[in-house]
Amino acid sequence: MLRGILELTPAAPDPVTGQVRFTGTTPRQTHGRVFGGQVLAQALAAASRTVPAARPAHSLHGYFIRPGDALQPITFTVETLRDGRSFSVRRVLASQNEKAILALTCSFQEPAGSALDHQAAMPEGVPRPEDLPTTADVLGGINHPVAQEWAWSRPFDIRHVTPAIYVDPAAETENRNMVWMKTFTPLADDPALHLAALTYASDYTLLEPILRQHGVAWIQPGMSAASLDHAMWFHRPARVDQWLLYVQDSPSAQGARGLGTGAVFTEDGTLVATVAQEGMVRLPEGAAARRARVRGAAQRMAMRTVLRRSWRR
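This note's numbering applies: residue 56 is where the sequence shown begins, and numbers increase by one.
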């Protein structure tokens with residue numbers, strides 16, 4: 056599934072600029088919108104197709120401009136900004152019906168040795184992924200299309216270190232969230248593919264430390280949340296079909312925007328990537344907030360009832 060999403064189709068060059076173009080598609084989405092991590096990964100994959108394989112991506116910066124329609128193909132137009140002795144820079148515009156949905160700038164570098172080498176340490180005492188529930192364990196028994204999609208249709212196995220906040224808010228408020236993640240199926244030995252796949256997964260849970268800090272679950276009635284921008288720095292190579300620990304924090308939230316930062320580690324503690332994303336998170340206020348709390352409690356009770364019934368079957 057993931058390989059198919061990232062295998063873009065070459066399209067005719069831009070008739071005015073001659074810039075290289077590719078076309079990508081979206082798998083079925085219950086809510087009808089393109090997942091942000093998907094369009095980021097596809098944009099990086101498009102840029103990578105215009106750079107020598109020996110020059111991998113080391114950073115990307117993207118802005119989500121408008122929601123994408125999951126039923127429409129996406130056109131990726133790649134502009135070459137620079138090809139130097141060590142670095143290449145590309146700008147990618149993702150569009151649908153001639154309207155931009157994402158603008159991405161990414162940089163690529165020839166491998167280089169350096170006397171400078173250090174990294175932050177991975178947190179200690181984190182439970183092993185094999186000992187944690189899967190998303191299907193948490194949501195698979197809920198008879199709702201979004202719950203079923205998240206439980207069974209995603210290409211990544213995501214396991215929360217602390218209880219997931221899909222339905223219930225965190226028992227204790229904190230601005231940290233940690234998940235183990237890897238693809239369900241093995242990927243080919245293609246470094247560019249693994250970088251794009253990591254980009255895809257990096258958008259899944261990066262707003263959760265914001266929600267945890269404020270005692271909010273994903274099903275919070277009246278909440279509106281969306282990614283605004285996304286940045287990544289790739290430090291060291293890693294396989295995305297092996298377990299990676301994604302440690303996420305939120306240093307600030309204000310003005311209906313929250314910042315999420317993340318560090319991705321391999322199982323042996325190697326720091327693979329650093330991520331940052333600002334998201335819009337709007338919560339109801341005043342009387343609307345009170346009504347939302349009542350609706351939220353009713354929804355959670357209904358979902359727990361569905362879960363109990365499914366487990367009894």
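A couple of the hints might just be wrong.
[Stated by the list, open to error] The calculated label-pair distances, taken between Cβ atoms and stated as ranges, are:
{"id": "1", "residue 1": "T228", "residue 2": "A311", "range": "16 to 22 Å"}
{"id": "2", "residue 1": "V181", "residue 2": "Q309", "range": "27 to 33 Å"}
{"id": "3", "residue 1": "V71", "residue 2": "P241", "range": "39 to 45 Å"}
{"id": "4", "residue 1": "W288", "residue 2": "V181", "range": "20 to 26 Å"}
{"id": "5", "residue 1": "G73", "residue 2": "P218", "range": "49 to 55 Å"}
{"id": "6", "residue 1": "D223", "residue 2": "L136", "range": "45 to 51 Å"}
{"id": "7", "residue 1": "G59", "residue 2": "G270", "range": "35 to 41 Å"}
{"id": "8", "residue 1": "A66", "residue 2": "V181", "range": "42 to 48 Å"}
{"id": "9", "residue 1": "V181", "residue 2": "R312", "range": "25 to 31 Å"}
{"id": "10", "residue 1": "A281", "residue 2": "T64", "range": "46 to 52 Å"}
{"id": "11", "residue 1": "D186", "residue 2": "V71", "range": "52 to 58 Å"}
{"id": "12", "residue 1": "W288", "residue 2": "R121", "range": "24 to 30 Å"}
In short, the hints are calculated from the structure, not lab data. In this text, all values refer to a predicted model and were calculated from it rather than measured experimentally. All residues carry an ideal CB built from backbone N, CA and C; glycine is no exception.
Hint check results:
no.	hint	verdict
1	T228 <-> A311: 16 to 22 Å	19 Å, holds
2	V181 <-> Q309: 27 to 33 Å	30 Å, holds
3	V71 <-> P241: 39 to 45 Å	42 Å, holds
4	W288 <-> V181: 20 to 26 Å	22 Å, holds
5	G73 <-> P218: 49 to 55 Å	53 Å, holds
6	D223 <-> L136: 45 to 51 Å	46 Å, holds
7	G59 <-> G270: 35 to 41 Å	39 Å, holds
8	A66 <-> V181: 42 to 48 Å	44 Å, holds
9	V181 <-> R312: 25 to 31 Å	29 Å, holds
10	A281 <-> T64: 46 to 52 Å	28 Å, violated
11	D186 <-> V71: 52 to 58 Å	56 Å, holds
12	W288 <-> R121: 24 to 30 Å	26 Å, holds
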